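Q: Sequence:
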Amino acid sequence: MSHPTPYPVRLADEITRQLGQLADHISHLPPPQAAQVIARVLDPDTGVLGGVTHLVATGSVFAKDQAERGALPTEVWLALGRASNELGDITLDLDEHKDALQRVGAQPANTAAKPPAPAPLVVRRRR
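So the mapping is simple: the numbering used here equals the position in the sequence shown, first residue as 1, plus 35.
No wet-lab data here; the hints were simulated from the structure. Computed from a predicted structure; not experimentally measured. The beta-carbon is built from N, C-alpha and C at its ideal position, and this holds for glycine as well.
Lysine to aspartate or glutamate pairs mimicking EDC-like chemistry, simulated, CA-CA at most 16 Å apart: (1) Lys-99 - Glu-110; (2) Lys-133 - Asp-78; (3) Lys-133 - Asp-80.
So the derived label-pair ranges between C-beta atoms look like this: (4) Ile-50 - Pro-143: 29 to 35 Å; (5) Asp-59 - Glu-110: 31 to 37 Å; (6) Pro-39 - Arg-104: 24 to 30 Å.
Please build the complete structure, drawing on both the sequences and the hints.
A: Written out as structure tokens, the structure reads:
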């Protein structure tokens, strides 16, 4: 007889599925709406990225405890701790751009005003 899937595992699967749906929606939204969604996702306090960062940090605490007991290799704890730290740094870096995303998100979808000049994505060095 198979064991039922525990609720937290089902919850993780459902969140993963919904994140995929959200990504699909973003790719089809008008720029102002996509910017609004991305700004919310990246919010360090209430957004998905902040939540994932907290989740990985919680996993790191769990892994440390399990590594100290010998149930997990120390490398698992170290990798989760490193991931948590890097996600925290990324979250802070992206938070610097929150205002720009909110500005784009506040614009009407169809503005007749002159669009801004595109910024170069690759800068070439002169020799």
